[in-house]
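As they're listed, the protein sequences go chains A and B. For the first sequence, the working numbering gives the first residue as 87, with consecutive numbering after it. For the second sequence, the working numbering gives the first residue as 1312, with consecutive numbering after it.
Calculated directly from the structure, the hints in this document are not laboratory data. Ideal placement from N, C-alpha and C gives every residue a C-beta, glycine not left out. Some hints could be false.
Stated by the list, open to error - Here are the computed lysine-lysine pairs in the DSS-like style, where the Cα-Cα straight-line distance is at most 27 Å: (1) K1647/B / K1716/B; (2) K208/A / K1512/B; (3) K1631/B / K1696/B; (4) K1623/B / K1697/B; (5) K194/A / K1681/B; (6) K1692/B / K208/A; (7) K1382/B / K1402/B; (8) K97/A / K1512/B; (9) K171/A / K1461/B; (10) K194/A / K1404/B; (11) K248/A / K1713/B; (12) K1623/B / K1647/B; (13) K1382/B / K208/A; (14) K89/A / K1461/B; (15) K1428/B / K1384/B; (16) K1602/B / K1587/B; (17) K194/A / K125/A; (18) K125/A / K1512/B; (19) K1461/B / K1631/B; (20) K1428/B / K125/A; (21) K1696/B / K1716/B; (22) K1518/B / K125/A; (23) K1623/B / K1565/B; (24) K1697/B / K1713/B; (25) K147/A / K1461/B; (26) K125/A / K1713/B; (27) K89/A / K1481/B; (28) K248/A / K208/A.
Unchecked claim - Away from chain A, derived, C-beta distances all over 10 Å, residues of chain B: (29) S1325; (30) D1429; (31) S1470; (32) Y1491; (33) F1515; (34) I1543; (35) A1570; (36) L1583; (37) E1591; (38) I1627; (39) P1639; (40) C1659.
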Amino acid sequence: MRKTFNNELSKMHVRFAEMGMMVHEAIFRAVKAFVDHDKALAHNVIVRDQAINECENELEKMTLEVIALYQPVTADLRDVITILKASSDIERIGDHAVSMCNATIRMKGSQRIAEIEVEIAKMGDYTCSMVEHVLDAYVNRNLERAYQIAKDDRFLDAELRKIRQRCMTVMQAAPASVFSGSYYISVATYLERIGDYVTNVCEWIVFLQLGEIVELNPSSKNNL
Amino acid sequence: MKVKRIRIIRTFFSDAIIIFIFLTVIFLLVIRQVRNGSVSAWGVETFLLLSVTAIILAAVDIFGRYLRFRKRKQNLEALNSRLSNIIEGTKGKHVLLEPSDPYYELSQSINAVQSMKDMISKSFVTQQRGYFSLIEYLTIGVMVLDQDRKIYLSNHAMSDLIGREMNLKKQLYVNVLRTYELSQLIERVYQDRQDQHAEIKLDFSDKVVDAHVVYVPVSEHHFLVMALLYDITELKEIERMQMDFVGNVSHELKTPITAITGFSETLLQGALKDPKALKEFLNIIHQESLKLTELVEDILSLARIDASPELKLDEIDIRKFIINLLRPFRPEISKKDIHVEIQIPNGCTVQVDQNKLRHVINNLVQNAIKYNNYKGNVWLKGTIKKDSWFISVNDNGYGIPKDEKERIFERFYRVDTSRSRQNGGTGLGLSVVKEYVEAMSGKITVDSQVGVGSTFTVIFPLELPTAPLNESTK
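This is chain A alone, in the form it adopts within the complex (with noise of 0.2 Å):
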């Protein structure tokens, strides 16, 4: 019983760092693809999307099956349950990666603002390894490191409003920059949105140490 129950839980997470990996890369891809207005690397992570949703399903049935089978007790019962929730935020990073390509895509060929494209070059490269280091922080159940994860989601938070005020001030100025500027705008809130989901799974991984559900960086959820 016990090691089937163990097997089950080894594949549930073999599956999980599979979707890590799919998600981690989509990311990577995104902000690549929108600094060097790639629209094909675009498209190739819209289209891989499907496999991340389609690794979230099939993770849920595998935690509902798990559970309704073996009825796991304490930290085993954490360990599904985090594999159950965490996968779900991760998801939604994918998610968000999408909304990135899409912006990618529509925003080709119209004018561009430099300094802009430089600040947003710069939170794509550091929400994405944010998304690497919680991973890792997950796989090695490392309490600190989230904490620290969760700490750094506030540069993503100044970042955005930094943005968010120097493309108002450009598009005041020309109205020929405002398709750019809104898109800018949406993508950075996009980046930090994934910040955010980063910060859940941090509080996944106190979960899983610790037994608490606790809300890391509850304050940065107000000024969206």
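Use these hints to put chain B onto chain A, whose structure you have.
Just chain B now, with coordinates in the frame of chain A:
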């Protein structure tokens, strides 16, 4: 060396009894011979005498036996400890026994086993070392997984290719890997128990690899999975460069030739007689042949650098040199309304091959203007540092995507073919620039982002190496 006391006593008594009976029998026999059947000699004294003699003899026998036993025991223990040393793998001395010893042959065999084992383990260690360092320094990425999906070993090249530290033994590979395609491939091997093979693009290190994931059965219930990544980035690059080169050259050559053929044909078919058309067409033919000349010259200059890397050194002032150089660009600059700013201090004199440097800077400035927006900016910077000097050309024009930064120095490479064709040019400019800069023992770097602009920087050493430059260019 402890012998159970009870055993000694028991042996002693049995010895004593046997000897006593023996002696009694002899004694009785002797008496009968001497006295003819009289038993009067048989008394307490005789009995005591016999028993004491028996006891002494038994004691002597036991003592002798004990000594022999002790010797044997010692030898046995030495041999035993030898064997256990062999099992534990610690090194010990050989056991030497006298050839007369009953254990002599056994000791010889044990010594032989010991020598053999030493030899085997030595060659095993050598083999293992060799094997591990071979794997470690292999340019192919290798990762070996056990059947619980844990990393058994992984080499340096693997970490390089994946772009993360992979040599985390006993970790689940899915926890470490970040490339979905590869992990899927490995997972498929675990499920199907069949070798898998695919070409994978690794995002994080920007490499293309030929991935083989191999199923290695060890015994009936045990197996290993081995992932081998062979870096084929360069191969792919060369393949693509060749294709591009052929495609580009034929395209670049074909456009002017088509125009020349087409217009000359029209002329020959009767347009000769129309003076207006004649002039117009001849003009076009002339223009196109000029383009061809430009192209051929570019190719020739590429060939020439390879052939003759000699430098004619002159002393120049960078600022004056740049100002002079910018003069011919005035019409283009004013046409696009570009603002050019020179940020070079006065009095920077360096030794350099003027013609080559002019060619380099000319090309860079031309690109900065050509691939710039209307009302763009171009900044020219330059100064002398401790042991080098540099000139950088910075624009806020179209910019270059990250992937293509290295490729722009390839011959005939164009970033965005649709746009750059309209702007003219042969696609050879930057590759010539790179060759020239390297011929002058300099370095060219590019920093760029799409939509933001590009900065090209050429850095030269203050003191040129005196040795012939043939080697450095090749």
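- Message: To test your reading of the hints: which numbers does this structure violate?
- Response: Hints 10, 12, 13, 19, 20, 23, 24, 32, 33 not satisfied by this model.
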